[in-house]
Each structure stands twice: as structure tokens, then as C-alpha cells.
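> Read off the chains here:
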Amino acid sequence: MKHARNPAADMAIWTAAIAVLGFLLLPLVIVLLYAFDASSVQVWPIRALSLRWFSATWADEEVRSALLISLEVAGLATLLATVLGTLAALGMNGLSTRSMQAGSFLLTLPIALPGVLTGIAMNSFFTLLDIPFTFITLVIAHTTFCMVIIFNNVMARLRRLPPSLREAAQDMGATPWRGFVTVTLPLLAGSVMSGMLLAFALSFDEVIVSTFTAGSETTLPLWIFGAIRLGQHMPEVNVVVFAVIAITILPIIAGQKLAANASREH
Amino acid sequence: MTPGRKLLGHIALLVPPFGWLGIFYLGSLSVLLLSAFWQVDAMSGEIVRDWTWENFRILFSDTTYTVIARRTTGIALLVTVTDIILAWPLAWVIARKVGPRLKLTLLVLVALPLWSSMLARIYAWRLILGHDGVLNWGLRLVGLPDQNVAFTNIALWIVFSYLWLPFMLMPMVAALERIPASLLDAAGDQGATPWQVFRTVVFPLAIPGMAAGSVFTFAVTQGDYVAPMLVGGAGSEFIGNVVYSNVGVSGNVPFAAAFSLVLLAMVAAYMLLARRFGAFDAQ
Numbered sequence: 001m002k003h004a005r006n007p008a009a010d011m012a013i014w015t016a017a018i019a020v021l022g023f024l025l026l027p028l029v030i031v032l033l034y035a036f037d038a039s040s041v042q043v044w045p046i047r048a049l050s051l052r053w054f055s056a057t058w059a060d061e062e063v064r065s066a067l068l069i070s071l072e073v074a075g076l077a078t079l080l081a082t083v084l085g086t087l088a089a090l091g092m093n094g095l096s097t098r099s100m101q102a103g104s105f106l107l108t109l110p111i112a113l114p115g116v117l118t119g120i121a122m123n124s125f126f127t128l129l130d131i132p133f134t135f136i137t138l139v140i141a142h143t144t145f146c147m148v149i150i151f152n153n154v155m156a157r158l159r160r161l162p163p164s165l166r167e168a169a170q171d172m173g174a175t176p177w178r179g180f181v182t183v184t185l186p187l188l189a190g191s192v193m194s195g196m197l198l199a200f201a202l203s204f205d206e207v208i209v210s211t212f213t214a215g216s217e218t219t220l221p222l223w224i225f226g227a228i229r230l231g232q233h234m235p236e237v238n239v240v241v242f243a244v245i246a247i248t249i250l251p252i253i254a255g256q257k258l259a260a261n262a263s264r265e266h
Numbered sequence: 001m002t003p004g005r006k007l008l009g010h011i012a013l014l015v016p017p018f019g020w021l022g023i024f025y026l027g028s029l030s031v032l033l034l035s036a037f038w039q040v041d042a043m044s045g046e047i048v049r050d051w052t053w054e055n056f057r058i059l060f061s062d063t064t065y066t067v068i069a070r071r072t073t074g075i076a077l078l079v080t081v082t083d084i085i086l087a088w089p090l091a092w093v094i095a096r097k098v099g100p101r102l103k104l105t106l107l108v109l110v111a112l113p114l115w116s117s118m119l120a121r122i123y124a125w126r127l128i129l130g131h132d133g134v135l136n137w138g139l140r141l142v143g144l145p146d147q148n149v150a151f152t153n154i155a156l157w158i159v160f161s162y163l164w165l166p167f168m169l170m171p172m173v174a175a176l177e178r179i180p181a182s183l184l185d186a187a188g189d190q191g192a193t194p195w196q197v198f199r200t201v202v203f204p205l206a207i208p209g210m211a212a213g214s215v216f217t218f219a220v221t222q223g224d225y226v227a228p229m230l231v232g233g234a235g236s237e238f239i240g241n242v243v244y245s246n247v248g249v250s251g252n253v254p255f256a257a258a259f260s261l262v263l264l265a266m267v268a269a270y271m272l273l274a275r276r277f278g279a280f281d282a283q
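Protein chains in written order, with the working numbering: chain S, 1 to 266; chain E, 1 to 283.
For the record, the hints were derived by calculation from the structure and aren't laboratory data. A few of these clues could be false.
[Unchecked claim] Short derived list, chain S residues pointing at chain E, Cβ under 8 Å:
1. 6
2. 7
3. 24
4. 30
5. 90
6. 110
7. 201
8. 221
9. 229
10. 232
[Unchecked claim] Here are the computed distance ranges between Cβ atoms for each label pair:
11. S:186 with E:130: 36 to 44 Å
12. E:234 with S:59: 33 to 41 Å
13. E:22 with S:39: 52 to 60 Å
14. S:29 with E:154: 29 to 37 Å
15. E:22 with S:11: 36 to 44 Å
In this text, a Cβ means the ideal position worked out from N, Cα and C, and glycines have one as well.
Pulled out of the complex, with its shape left as it was, chain E reads as follows:
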């Protein structure tokens, strides 16, 4: 084939998929960007397509929204730290303590929840944390008083940590697997205590894995509105909930668009930060 015909071949193949993405996805993102600067006429409810910063002014000055943005980010960070702590022992065992067969089984078991319905997994915690649920049954069994964490931010923290833990485990296993055993032996031979080996050798080498996992745990928590609606309480509104409730006939889509752009900026900033810690280096 001549180079010219070959190029034509590539283009012919690429036009349908990228045409689709260009129209439906980039088109949508452009409309989102534009509509964040539009407004809804208070009287008619119609969208007014005049350029204005009003939506952003409200978002940054009204404490209702700054509190929601801070809550969203705070819980996302808390969930990320929790998942890093929870992932360590299991990731270490999977990466370095078991044979290849058990390792494969454990990896499948870890991935299983990720591939089963997210709603089902949130719903499971309503059954566990509810008044007559598994947790209170267990507490009564050992003579402890009932807990009442259902529909609070504590429930939200538990559920998010549970939902996204596999996202943290996978890259951490990959990072820990890559540490050469000789490196650990050498540190031990030099008289380092296990704690010193962990602190000076293992932990620094696991940082890219933790950074990669944190991109998921942080971004998906920040962008969610389902868990806050199903297991959160009155003070659990996320940015996503404001967006959700402003879409529809009676809503204010330009305002929701502006808030979702704030969300986008925060997620993008976090990704850039994680990149500096090696989150996107070849896994």
C-alpha cells in the first residue's frame, strides 16, 4: 500500500468512533462549560444565554455551598486515608506471602465486589447498620448497647471506604510485588529492624501504588451522590447531590453546571498532584 492510501485507511477507521466522541462527548462538555456561565430567569424559569459569573460568585460566597464543597473533599480525603490503611496488610499478604494459586484466588475475591452492583453493595450496608441489622445483633450478643450510625456521615465514611477499597488494593499489590526480595534481605543483613525496613525501603517504594489507588478513591468519592442519598443523613449533602437536585424541570441547570466544573477542577488538581507521586507511571 502507498503511504497515502494507508493514511486514508486509518482515517476511515477513526472517523466513526472519534466522530461519535466528538459530537456526543466533547459536544456535551462544551455545552457544560458554556452553560455554567448562563442563568435561569427567576420569573419564567427559562435559561438566559448571557455571559455571567453570577453562578460562581454564589458558589464561592454562599456558605451553604462552601460547606458542601469542603465536606465532599474532606470525606473523600478521609476515605482515601482509610483505604490506604486497610489495604496495607491484605496487599502485603497477596503480593509477598502466598503462592501463585492462592494469589490468583485472592485477587479474584478482591475484584469480585468491584464488579458486582454498586447499588447492591451500598444497600448491603443499610441492612448491616440498620436498627435491627447485623451490627446491632452482634453488639447485643456481646452485651454492648445499640449503635445508631445509620444515616450519618460515619455511615457514609464506612460505605465509601468499603466501596472503593478494591481500587486501592489492586495498584498497591502491583507496587509491592515489584520490590525485589534481595533489597529486603540486604536491609536485614545490614541489621535493620523490620520496622526500619518498612519505613525506609518498603513504604517509599509503595508510594506510586498508593498514589494510583488514591486517584480512584478520591475522584469517585468526590463525584458521587448515590451513597449520600442512600446511607447519609441530613448533613451529608455532596456536590453531586446539589447537581442532581438542580437537574430537571424545576432545577437550575446552569448553576449545577457551574458546581460540577468546580468538582472537575478539584479532581483534576488532585490528579496532577498524584502524578507527581508516580500515580500514572507504568503499573
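Isolated chain S, as found in the complex:
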């Protein structure tokens, strides 16, 4: 810029920006630190560090069964959502813009509307049909809001694929199915994988829709929610929160890497 910059204003903007970044990140650092707090009451500054709550938490049957249920729900919902979301993207690819918009609007609704709406809607639905709230209703609910993640990833990839690739396969005499399996599918693998990681993380952390569809099942977020609300098992909450952050952030980072690699290759 030709006109003179105002160093005082620049300074103020940078200071404010760094303060806001600190506001975003420091709470996460603090909550991660508390997992190593030896004390059973939360007081700052932390007086002594210890790993003892990690083993105590791992030994807690309730926490372990909640973890298992969360992993099962997230795993199953991710698999179902992957099949359904990929089918939706493949089926909608090549349709008119209008039908595409309508389709992706419908797919996005379960995640765009407030969770409490999706939650109570599904709760009323299952109640009306006399379907008891179990592991299965939880998986159905999670699949419903995870589909769009896979769909978006696959759709973005399909849009960038030149149609000439599949035409070339067909010119060489491949059947449409063979062309799909040998040409299109391998090219989609990266975006499907990164979508699966995101969907898994989303399901693993979900609490609002789960409250309305879980019945007596306790997922890990539901366990945390209950424990914080009642102010019980706080040292264990610290450890579980540490683990949940690790379990959700690592797949995300891996997923971003996969997506970045996939887009660089082609």
C-alpha cells in the first residue's frame, strides 16, 4: 500500500488477534492439564502432577462400558452412513442443479437444524411406533446425521473427476460396472476415508440427539454430561475429557491429511 501505515493501529490489531487466539486455545490447554492433576478436587494452580487418575479411570467399569458403546455406535453409524452417503453422491452426480440442491438440502437438514429438534422429532417418532429406545435407535439417529458428511466429501471429489476417465474405460470395452469398480471407486477411496474419520468423530462426540434416543444406554458423552451435572467423579471426568479430545482430534487431523493428499495427487 502506498499510503503510510499506522504502526499504532497495526500493533492494536495484532494484540487483539493474539488475545482472541489465546481465548480460543487456553481453555483447551487448561482442561488437558487437569487430567494430570494428582488431587481429587480441582484447584488452580495444580499442585502435584500424577498419572494415577488414568489407571483409576481405566479401571472404572462404567467408563469402560460407556466407551465401548460409544465406539460401537460410532463405528456402526459410520459404516451405514458411508454406504448411504456414497450411494446418494453417486446417484445425484449428473442430475440437474435443481434436484442436486433439493437432495443436498434434505441431507443437510438433520445436522443444520438444532440438535434438540432432531432429537425430539426422532423421540416422538419411535415412541409413536412403539419402538423401544435401545442401541439400535441410537445407531439410526447417528447414521441419519452422519450421512451428509460422507455425501459432501464424495460429491466434492466426483465434481473434480473428469467424465473422460470413465468414458475412456468404456471405450476400451469395460462394462459400466467394471469401469466404476476399476476407475471411479479407487479415485473416491481417499475422500470416503476422510469422510469416515469425520463422521466417526462427529458421532463419537454427539450428546444432544443421543439424549433423546439412547433410552438406558450410556455413551461416553452421556456419561461425561451426567458426571459434570452431578459434580461426581471429577478426576475421572478430567481423564475422560482428555481421552475424548485425543480420540476426536486425531482422526480429524488424519482425515485432513488424507483429503489434502488426495487433492494433491490429482
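Starting from the known structure of chain S, fit chain E onto it as the hints suggest.
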């Protein structure tokens, strides 16, 4: 392939996903819509499936619920304004002040909290605002008296602003990136002061970004009940809390359904408003 076979192929692919959504999601929304007009028999606790506006009459006449609806909307608006203010300096730095490598790092750091557990991030503020938490420790260090904002609407305001700030930052960075540097130079060459450039060039061009971010900050705050339960106090009930407490054996699901439809109407109205400011134009 013939066009007819091609169409069949599309349909075969689309039946499973949209069949699923049609049954489980649209089916659920339809039941929600219907049940908002049902009632619970006070004696038996059974749901009576007769059409009635009674739930809505209570919602709009009983001050308990109008106060809750106003609180929910008021805090959601306050959080949206707070996040717009907080997002400006950081979004500006990320969009226009740093090189590509630092920019990528900053974007990842901003997105990181968004992808880590929401409960963990709410819980962090219980540790910070609590009586023996980080904030009071800091205040004592500089000789100030303890604060007592834990379990108040102030705590709720801080926590919501913290939770959804990344949603505001991302679209604002995108909007600010798109402003051509030549435009700012031209305004400067014409003798505009930095403040005039901001007011007449930068701010108007950032409006779609702020509108897009506000859709998230407003809608997710309005629809929440977790933060009010974990960091709010006696006077912090949201619409979501009424819905939550009315689901279950002893609850009144039709009433909760009616209140959630009011929530839906408010969120939809806000989205339409945001659309007029360019919130959904290509980012």
C-alpha cells in the same frame, strides 16, 4: 446406455439413502409436527391424539415460557454480536496480514476447538470460572477481589461466545480474503483515512461473511440446552431445557414438540433474514 436405463440407475442408487431419510427423518419431523397439536391426559398420562391449539395457547400466554423464549433469543443475539466483535481482529490478521504457511497454521488452530469435544470445552470453563479456578487465581495475583460469575447468565454468555467463535471466524476470513488489495489502495490514494476505508469499503464487503457466521452462532445457541445446564444458574433456562425436561415417562412430549416448533420457526426466520444479507451466497 439408453436414457431410460440411466435414469433407472440413478433411482436404484438413490432409493436407499433417500428411503432412509424419508422414513427416519421426514417421518420424525412429520410426527413432531402432528404431536405438537396433541395433548397429554392429566389423569392417565396418556397421549390424547385430538387436534388442539392448547399447547401453543399456553406457550404464548404463560409468562414462564415467553420469558424463556425471550431469554433464549436475547442471549443468542448477544453471543452473535460478541463473536462478530471478537472475530474481526483475528480474521483480519489471518486473511490479510500473514503468509500462506502461517495462515494455514492459524486456520488449523482456529478449527481445532471446533473439532474437539463440545462437553470438554464447556467443562473447561467450569474449571476456569469456578471458585478456586484459573480466573480467581489470576485476580488474586493482581490484588483484585474474587469474581462469582460461575452458574450465571454471564458465564453462559462467555461460554457460548467461546464455543461458537470458530463458526464466525471461518466465513469472515473467507469474506475478508476476497477483498481485492487494489480496492484498499485506491481508497487510500483518494485520501481516505484508515477508518474511512474500513467503514466504507472493508465493512460492507464483510457483511456476507458476518451473516454466514451469524447463522451458526445464532442457531446453535438458540437450540442448545447443554451449556445452560452445565454453566448456567437458576435463571438460565433455554427453550431446549424445557424440551429436554418434558421428554421421558413423566414428561409432556406434545408440549415439548410445540415449543420446539416455535424454536424452528425462529431459527428459520433468522436464516431468511441472514439470506438477505448474502449469508448463503457462494463462500
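> Which numbered hints does this structure break?
2, 10, 11, 14, 15
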